[in-house]
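The lines below spell out each chain.
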Amino acid sequence: MNFYPEFEVVRNDSRCIRCRVCERQCANEVHWYDEDGKVMLSDESKCVNCQRCVTLCPTRALKIVKSDCRLRENANYSDQTIKEIYRQAETGGVLLSSMGNPNPLPVYWDKILINASQVTNPPIDPLREPMETRVFLGKKPDHITRNADGSLDTKLAPQLTLSMPVMFSAMSYGSISYNAHASLARAASALGIYYNTGEGGLHEDFYKYGKNTIVQVASGRFGVHKDYLEAGAAIEIKMGQGAKPGIGGHLPGTKAVGDVSKTRMIPEGSDAISPAPHHDIYSIEDLRQLVYSLKEATEYRLPVIVKVAAVHNIAAIASGIARSGADIIAIDGFRGGTGAAPTRIRDNVGIPIELALAAVDKRLRDEGIRNNVSIICGGSVRSAADVVKAIALGADACYIATAACLAMGCHLCRSCHTGKCNWGIATQRPDLVKRLNPDIGSQRLINLMDAWRHEIKELMGGMGINSIEALRGNRLMLRGVGLTEKELEILGISHAGE
Amino acid sequence: MKKYVIIGNGVAAAGCIEGIRSVDAEGSITVISAESYPVYCRPLISYYLENKTDLQRMNYRGESFYADHNATVLYGKNAAEIRTDAKQVVLNDGSSIAYDALCCCTGSSPFVPPMTGLDTVEKKFSFMTIDDTLALEKAITPESRVLIIGAGLIGLKCAEGLHERVRSITVCDLAPRVLSSILDDRCAAMMQKHLEDHGISFILGTSAKEFQGGHAVMQNGTEVDFDVLVLAVGVRANTALVKNAGGNVGRGIAVDDACRTSLAGIYAAGDCTEYHDISSDAVKVMALMPNAYMQGRTAGVNMAGGEAAFDNAIPMNSIGFFGFHCHTAGSQPEGCEMFEEADENHIKRLFVKDDRLTGFMILGTMHRTGIYTALIRNQTPLSSVDFARLKIEPQLAAMGSAYRDKVLKGAV
Amino acid sequence: MKRIYVKEEWCLGCHLCEYNCAFANSGMTDMVKALRGKTIYPRIQVETDENGVTYAVSCRHCNDPLCVKSCIAGALSKKDGVIEIDHSKCVGCLTCVLVCPYGAVVEDGSGVAQKCELCMKNTCGAPACVKGCPNGAIVYEDRGEAE
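Protein chains in written order, with our numbering: chain A, -14 to 483; chain B, -18 to 393; chain C, 26 to 172.
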């Protein structure tokens, strides 16, 4: 069934100089030049609204707009719902989507406001006063212990040191390009934070960034070997992902080419299917075995992170993980991104990270095991304000991936699963991969983090807090607006005005 | 302090001055200039007629050139004799100038074959110098009918220069085609058609038999009435000074790669010389401005004790008429293979022999032809480049990535 | 001396450098007015090799500038390392085009020669091709001099 395209290419011919940049830069082949009419033409049905042409058009002759040709309005059966039914009736297939859940579900970050000091408890000017944004992730001792000679026992469990409480979360080499990984690795290294390999192994070129790398072990165990485990600064066991809780992953064989297949240690062209469960983990005890296997393999030098999707009973799950020997728990909310996920799963499974984070932090405190683990919060952390709110809700640090992709050029067209990313990020096509120059990509990531660090300091200074450690779990610094009693209770915050 | 003397004040002389000063800032330089103008490039005279330049802009190196290079010019003087024993140049006024190193940049002179009744023609001109040009300019009116003897580079450029300023122009030549020294029949025909489209008439394959005032009769019987006659049959290298001094002279003064003549301390450069053409492996007079400069500069550096060689000379010409250009370079040796690409408005002929590009003729599209010229000059083995691509379009892409890395990623 | 260099691993073959060059040297303040409906004659040109690798070629400001040596009008000169063309002196003989081994001197569409002058004569301030390259594939930097 044919539909009128979702987007329209609006070309202002009086501004078009026929430079044909749009044509050359569109991997979807939307634009072309008609020699006879000496005019640029377009096939809108191929357009994904990635804005590459709009961005590069030197005379601003182009814009992409949402088509207003819609099926008859129906509050229950929306245009999209109906078209999805048509598509499935035609193909019999599961619908695929990319990036995070775009639906208008509540964003709790936007309903939480941050405090500031006035009069009695003066704010701090971060330009004049030192401001500590460094955090350490890992098990913390519950109390001070002394050695036999009375000296302090300073031996700690292995820790990750972050110059600021933000890291780049897992995106595999395969789901994103070599140059995207290079940009993330170089930026993490320059910033003194970490990036995460995802379940795609670690390309040999990036071993040199190992000090700032978190290596992931997921259910497919792709790319995992001794050198890989030892190359990183921490190991992350991926139990789940916010965008697709309860299911595994699938890298199509068409993307498992060249270095991607080599790095994943799978034959070229073969589908890389990560199962939904880890086949050796059916209990916290099983998880504990894997945690300790990995610790044993790396001589207890590296902290182990367990990453789970935010789901209904996340607090109980986190409690189990905190007792499994893991050093860090990463919780991924339902708005987290993905390179490809079944649409129904992405849009309907999981819970908001804000609620999950608050619940987990509270539960671990209540059980007296909060110091067993650090908590990383991920799944749509969009700004320095979100970071500050997450920390006040109890996180030790945040994971960002969508924001990092945006810094590298992503325009959130949500077409990663087509493999034709015009920005050189979610693609393995060499002509597209080269569009992301890591010199530029890494610098933009560094700029973004620098900007966020400044903003975090300003927000902290306003609250009269000069150390990120003093903000963690400090829910008095937060107030809700437009939230129900229940929501406030779960978030553990008062309503504005209280 | 070394004494440098340069006979002549053309482009070769300017190159010589710059060559000397790149090595020796001290020595004295004396330039003997027959013409009373600072150095200018002779091919500009047709552009002067077209109003594309003027006497001031024709100045090749700007007002302060001689002062900046601390060179003395003796305007209006001619050298009469070189005394190698005394190391002196005798001028036609009887005075003499001593030299430690001498460079002959004496150029060439128009060659006028004997023609019956030439003395009856009132307005007849050569077309070599500014003075020729000023005299010609004075003689023409919008009603003038001009007859140009010679359809070579000089004759045709003169025709272009006069085109807007006279009533009619007829060009005749003994050769059966225009630009016979640089173009073959096919290319010449295209160029001729283009010139004819702009109103130039041709009488080719015959020469003037007789003149009676403003009336010329050709060998083939054609008759032409004219008001102004331009003689552009050809030029001869001015070799007498070196020949009389006992130096080796052929059709030009014989020079080696260092621009030395056979006489000690005496160099020569420019249109007066004959030298090695690497594209045909033959010694030729290649009266070309770029080569004149490079020879002059080479001579200058060597005169001052430096080391320089001009060892990759090839003939080459860039010439255009009424916006239609033609680039040629190198030669078409016996047994060479030709690649051609042509349509109505352009033609490209590449000549290849022994895995080398030896020459080309290109009319109509001049884009990046220097890449072809470099292939000839560097004698690049065509098996080392992607000649199939080069044939279509001159491009560095066909030269291999190593060459590209060298020229695009570092200073050259 | 600073020159323009290309990083072909980052060149996308988008040809924006050519348009930015043509605009920068058009003397106009609006790109649409300068270039719309016109054939452009840029001083930098994108080439594609047999493997699809693209890169832009512009004047190398070389040590042995055959264009300067060959100019019949004395219009080309090298000053402070930059090869410049004095358009008031150029008569359009195109000998420079015939001798440039890099194909970097080109005709300007009106019959005279033009070449990259590093945007020193226009109001751009820095080479327009470098500023406008979306992927950092053209750089303006000092990589020393040739032997």
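To be clear, the hints were calculated from the coordinates, so they are not data collected in a lab. Since the structure is predicted, the reported quantities are computational estimates derived from the model, not experimental observations. Warning: the hint list may mix true and false statements.
[Unchecked claim] Distance condition first, Cα-Cα at most 25 Å in a straight line; then the derived SDA-like pairs of lysine to any residue: (1) 387(B) x 65(C); (2) 104(C) x 68(B); (3) 334(B) x 286(B); (4) 32(C) x 353(A); (5) 27(C) x 68(B); (6) 48(A) x 61(C); (7) 103(C) x 293(B); (8) 372(B) x 65(C); (9) 68(B) x 47(B).
Do the hints match the structure? See the list:
no., hint, result
1, 387(B) x 65(C), "violated, 28 Å"
2, 104(C) x 68(B), "violated, 37 Å"
3, 334(B) x 286(B), "violated, 38 Å"
4, 32(C) x 353(A), "violated, 57 Å"
5, 27(C) x 68(B), "violated, 47 Å"
6, 48(A) x 61(C), "holds, 18 Å"
7, 103(C) x 293(B), "holds, 22 Å"
8, 372(B) x 65(C), "holds, 24 Å"
9, 68(B) x 47(B), "holds, 24 Å"
Of the numbered hints stated above, those contradicted by the structure are hints 1, 2, 3, 4, 5, listed in ascending order.
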